[in-house]
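Make the full structure from the sequences, and use the hints.
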Amino acid sequence: MKILGLDSSGLVASVAVVEEDVTIAEYTVNYKKTHSQTLLPMFDEIKRMTELDLHTLDAIAIAAGPGSFTGLRIGSATAKGLGLALNIPIIPVPTVDALAYNAYGCGTLICPLMDARRNQVYTGLYEFQKRTESGAGYELCTIEKQCAVSLAEIVGKINELCRENDREVLFLGDGVAVYRDQITALTTGKYSFAPSCCNRQRASCVAALGAELYKKGISETAAEHAPEYLRLSQAERERAEHTADKYHIREMRRSDLEEVTALEASCFSMPWKYGDFEETLTNPNRVYLVAQAETADIKERILGGCMLTNIAGEGGITNVAVREQYRGKKIATALMEALLKLGRERYGITAFTLEVRSQNMPARRLYEKLGFVSKGVRPNFYEKPKDDAVILWKD
Amino acid sequence: MMEMIKKEDILILAIESSCDETAAAVVKNGREVLSNIISSQIELHTLYGGVVPEIASRKHIEKINQVIEEALHEANVALEEITAIAVTYGPGLVGALLVGVSAAKALSFATEKPLIGVHHIEGHISANFIENKVLEPPFVCLVVSGGHTHLVVVKDYGEYEILGCTRDDAAGEAFDKVARAIGLGYPGGPKIDKISREGNPDAVKFPRAKVDGSNYDFSFSGLKSAVLNYLNTCEMKGIEIHTADVAASFQKAVVDVLVEHSLNAVKEYGYDQFAIAGGVASNSALRTAFESECAKRKIEFYHPSPILCTDNAAMIGAAGYYEYLKGRRSGYDLNAVPNLRLGERRIV
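In order, the protein sequence lines correspond to chains A and B. The numbering of the first sequence is the numbering used here, which starts it at 1 and goes up by one. The numbering of the second sequence is the numbering used here, which starts it at 1 and goes up by one.
Possibly wrong hints are sitting among the right ones.
[Said to hold, decoys possible] Cross-link-like lysine-lysine pairs, in silico, DSS-like; alpha carbons within 25 Å at most:
{"id": "1", "chain 1": "A", "residue 1": "K394", "chain 2": "A", "residue 2": "K330"}
{"id": "2", "chain 1": "A", "residue 1": "K369", "chain 2": "A", "residue 2": "K329"}
{"id": "3", "chain 1": "B", "residue 1": "K191", "chain 2": "B", "residue 2": "K155"}
{"id": "4", "chain 1": "B", "residue 1": "K113", "chain 2": "A", "residue 2": "K2"}
{"id": "5", "chain 1": "A", "residue 1": "K2", "chain 2": "A", "residue 2": "K330"}
{"id": "6", "chain 1": "A", "residue 1": "K47", "chain 2": "B", "residue 2": "K113"}
To be clear, the hints were calculated from the coordinates, so they are not data collected in a lab.
Structure, rendered in structure tokens:
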């Protein structure tokens with residue numbers, strides 16, 4: 001399988017052609033010219049130099065974000081144009097994962113850092129685990145999914161892991177240059193910085209990781225592909241803040257069913273369906289609360305929702321969902337508080353329980369703040385992706 | 001009915017993404033539109049009272065392939081049959097332009113078809129060639145849109161002389177700002193056009209701005225301020241504001257200046273043809289005024305139909321065709337140029 005790798009997510013522009021375990025060509029430039037001026041001429045040079053017939057390409061692996069919004073789009077639009085003309089699929093590779101792949105086989109924790117401005121970094125936390133079969137190499141495993149957070153937040157997590165498990169961490173990416181002093185000051189455990197040969201985006205890594213993702217069935221058509229920004233535009237963010245300030249919480253009505261079903265589908269990989277919510281309307285032991293925005297001029301007025309089921313005096317909480325752009329604004333907290341109050345008053349519930357994906361840290365923090373405590377784990381309870389369920393109770 | 005495509009026909013696949021419309025078209029021999037697909041984002045931007053560049057760019061990337069595929073499909077033309085690929089590379093919003101430019105370059109690279117960077121305003125002007133088969137340069141053209149107000153002599157295909165332009169707000173921008181002030185909302189042009197039909201254009205006397213030392217430059221910020229002052233004064237004195245009258249009077253002030261400057265230029269430079277182009281060119285009062293004034297002065301008047309006045313790719317295909325004939329080609333390093341001037345070329 002012959003894969004074109006593209007990365008224009010950061011300051012680096014990088015193009016590579018990789019066939020199985022051979023990098024036929026790689027061209028990486030870290031220079032002030034815009035990607036619009038560099039990316040395609042670089043590919044043109046590769047094509048000429050390696051006498052590449054474009055029609056022998058099987059797929060395009062692209063660093064699909066996060067990164068510079070404009071940089072991502074230059075890469076994406078290039079990939080989409082090539083994909084359309086050559087009729088080949090696009091493999092969207094998470095940018096931060098691809099950066100981590102630079103440190104293949106490294107025994108330490110791996111923390112890529114990209115400067116995301118606004119006092120944040122695009123980052124994540126990874127390690128390579130040896131596959132059981134000899135000769136099968138290592139697998140990139142995600143400890144912390146790629147995200148936009150402050151440096152202090154990610155280093156805090158690293159410090160905890162390094163302390164508990166006696167680990168060491170390798171930092172890489174353009175964020176290192178920006179935050180080197182702070183990293184040195186904040187990191188309590190052992191750490192090191194990757195050298196110049198592998199501390200920036202490389203399209204050969206994007207292509208190699210892309211090949212692994214492709215084997216797992218991850219690819220999309222050129223038409224479907226769009227970057228994953230991890231962030232809203234400024235205008236949307238400000239608007240969401242404004243909207244999230246003004247909402248009220250009430251019980252779901254029949255007229256909400258479409259919107260609630262859409263909300264559910266946007267938040268969960270195995271969502272409840274329309275009929276499930278419709279049933280709730282007539283079930284005396286169930287109640288679904290919604291947070292409804294008071295701003296009139298938005299299409300989707302339901303910002304979030306959650307479900308309570310009364311099971312013989314115990315309250316089972318499910319379907320806690322908040323639209324992506326309104327998260328982090330305490331809407332889920334307000335919904336949960338209202339739901340607990342309603343449960344106590346209407347059903348006389350004294351003990352509440354819920355299950356949460358073990359990887360879903362924002363949700364776990366929220367429930368802990370509300371007084372929920374962990375009472376057990378159901379291993380591999382969740383699918384798409386597989387995850388343990390943490391069982392929480394509040395008395 | 002199937003369009004017959006002959007071997008010698010020149011088919012341009014054109015792409016336009018300079019502002020808030022994602023568009024692609026297939027144009028045959030510069031004047032025949034085989035398809036003209038426009039995906040508008042206007043509803044999305046209405047929420048914000050104007051075009052938000054980052055949101056526009058995000059939408060472009062989501063839609064660009066669908067729009068191109070639909071254009072080819074509707075034209076019943078395979079990508080391999082296309083002669084060349086034309087794309088708007090300026091002026092416009094840089095992030096928005098880059099989506100079209102990057103996609104067009106990749107298409108050109110993968111198909112080994114020539115790439116032609118096209119100036120957005122030259123596209124607007126060339127929209128006139130599509131429906132007016134008899135129109136040929138030279139002629140005078142007024143380009144009026146949300147971002148541009150230019151008075152231009154089209155000396156030959158792809159050859160322009162700028163006679164004048166706005167010193168401050170574009171005409172369309174003034175429509176948007178005044179529409180917001182009188183509570184009509186975004187987009188202002190069509191809304192003012194509509195409500196003005198019920199108003200008296202002579203109800204309020206707004207100034208017709210002259211620019212010192214230049215017969216053909218425009219200025220609309222003074223007019224906009226005059227409208228705002230009028231509204232303030234009415235409010236302070238407790239005079240009831242008749243929105244339709246204010247809109248009609250403002251519109252007339254804009255139209256008067258545009259007509260006077262344009263037709264003076266036609267006369268002074270000795271031409272007998274005149275055309276309008278750009279989003280504001282679909283304003284009904286502007287068209288009516290030009291129709292009657294041109295008839296009086298025995299000037300042939302041309303204008304595109306509204307669908308070709310708004311941002312679209314068919315016009316880029318028309319302009320791209322004449323660039324193609326002149327042998328102008330762009331390289332794979334073609335970049336978006338947000339402030340590209342008319343007549344300026346940054347093409348290899």
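Taking the hints in turn, this is what the structure says about them:
For the hint pairing K394 of chain A with K330 of chain A, the CA-to-CA distance comes to about 19 Å; that is within 25 Å, so the pair holds. Under the criterion of a C-alpha separation no larger than 25 Å, the hint pairing K369 of chain A with K329 of chain A is consistent with the structure, at around 15 Å. For the proposed pair K191 of chain B and K155 of chain B, the alpha carbon gap of about 35 Å is over 25 Å, so the pair is violated. Of the supplied pair hints, the one linking K113 of chain B and K2 of chain A holds, its CA atoms being roughly 24 Å apart against a limit of 25 Å.
Under the criterion of a C-alpha separation no larger than 25 Å, the hint pairing K2 of chain A with K330 of chain A is inconsistent with the structure, at around 47 Å. With a CA separation close to 16 Å, the supplied pair K47 of chain A and K113 of chain B stays within the 25 Å bound.
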